[in-house]
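**Student:** The whole structure should be built from the sequences, with the hints applied where relevant.
Residue 1 is where the sequence shown starts when you use our numbering, and the numbers rise one by one after that.
Warning: the hint list may mix true and false statements.
As the list claims (entries may be wrong) - Computed Cβ-Cβ distance ranges for the label pairs, DEER-style:
#  : residue 1 : residue 2 : range
1  : Ala11     : Lys49     : 32 to 38 Å
2  : Val119    : Phe164    : 18 to 24 Å
3  : Pro27     : Gly137    : 29 to 35 Å
4  : Gly185    : Val63     : 44 to 50 Å
5  : Gly13     : Ala100    : 21 to 27 Å
6  : Gln171    : Phe129    : 16 to 22 Å
7  : Met96     : Ala7      : 30 to 36 Å
8  : Pro27     : Val183    : 43 to 49 Å
9  : Gln171    : Gly126    : 18 to 24 Å
10 : Val119    : Ala182    : 14 to 20 Å
11 : Val119    : Thr62     : 34 to 40 Å
12 : Glu186    : Ala102    : 44 to 50 Å
13 : Lys92     : Ser136    : 14 to 20 Å
It should be emphasised that the hints constitute simulated quantities derived from the structure, not laboratory data. Each residue gets a CB set at the ideal place from its N, CA and C atoms; glycine is no exception.
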Amino acid sequence: PSEKATAAQHAKGKLTARERIELLLDPGSFQEVEQLRRHRASGFGLEAKKPYTDGVITGWGTVEGRTVFVYAHDFRIFGGALGEAHATKIHKIMDMAIAAGAPLVSLNDGAGARIQEGVSALAGYGGIFQRNTKASGVIPQISVMLGPCAGGAAYSPALTDFVFMVRETSQMFITGPDVVKAVTGEE
1 PSEKATAAQH
11 AKGKLTARER
21 IELLLDPGSF
31 QEVEQLRRHR
41 ASGFGLEAKK
51 PYTDGVITGW
61 GTVEGRTVFV
71 YAHDFRIFGG
81 ALGEAHATKI
91 HKIMDMAIAA
101 GAPLVSLNDG
111 AGARIQEGVS
121 ALAGYGGIFQ
131 RNTKASGVIP
141 QISVMLGPCA
151 GGAAYSPALT
161 DFVFMVRETS
171 QMFITGPDVV
181 KAVTGEE
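**Tutor:** So, in structure tokens, the structure goes:
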């Protein structure tokens, strides 16, 4: 992400995804998974924008010496919106947490589905919800809401064991005002 995007994030009083992970985990313990993954979408100008990580940082580390799996939406990339590659990374880290029997922490700051990717983005959320239910009662699932989270970005945390929000920063909603207006014709 650009320095401008980072400055905008900081101007809102928010940390970047990497800064959040650094604060959560023991120093030097983070092991990133699929750092170089990019989306494969085309159309809507996406073929010209293929940033590494695809807007989500995934991996594991330790908290007080205990293994914890984590993913953090990076609002600086596509508003943290979930696309196919983004979802695949989350699926993988969730599967790893379940297999290891270790807690999963999601640091949420995203605009929901990346609509430009269509059904692939929506199917990605289906895979996340399926894993949320599979992990229920098996591993602790902890969601930290750190910005505006719409649609699937709010539904998945609702399926987890604990949801933490930040006063005057966090938001969870079913869909955004633009979608409501398009569907109902009302403001």
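**Student:** Does each hint fit the structure? Answer for all of them.
**Tutor:** So, going through the hints one by one against the coordinates:
1. A hinted range of 32 to 38 Å is violated for the C-beta pair Ala11 and Lys49, which are about 22 Å apart.
2. As the Cβ distance of Val119 to Phe164 is approximately 31 Å, the hint placing it in 18 to 24 Å is violated.
3. Distance hint check: the CB atoms of Pro27 and Gly137 are about 32 Å apart, consistent with the given range 29 to 35 Å.
4. Here the CB-CB span from Gly185 to Val63 is close to 48 Å, well matched to the stated 44 to 50 Å.
5. Under the hint 21 to 27 Å, the C-beta atoms of Gly13 and Ala100, about 34 Å apart, miss the expected range.
6. In this structure, Gln171 and Phe129 meet the distance hint of 16 to 22 Å, their C-beta atoms being roughly 20 Å apart.
7. At about 33 Å, the beta-carbon gap between Met96 and Ala7 stays in the expected band of 30 to 36 Å.
8. Pro27 and Val183 have their C-beta atoms about 47 Å apart, which keeps the hinted 43 to 49 Å range intact.
9. Checked against the given bound of 18 to 24 Å, the beta carbons of Gln171 and Gly126, roughly 23 Å apart, stay inside it.
10. At about 18 Å, the CB distance of Val119 to Ala182 agrees with the hint of 14 to 20 Å.
11. For Val119 paired with Thr62, a C-beta distance near 38 Å keeps the hint of 34 to 40 Å intact.
12. For the hinted restraint 44 to 50 Å between Glu186 and Ala102, the CB-CB distance of approximately 45 Å keeps it satisfied.
13. For the pair Lys92 and Ser136, the beta carbons lie near 19 Å from each other, so the given range of 14 to 20 Å is met.
Checked against the numbered hints listed earlier, the structure breaks hints 1, 2 and 5; every other hint is satisfied.
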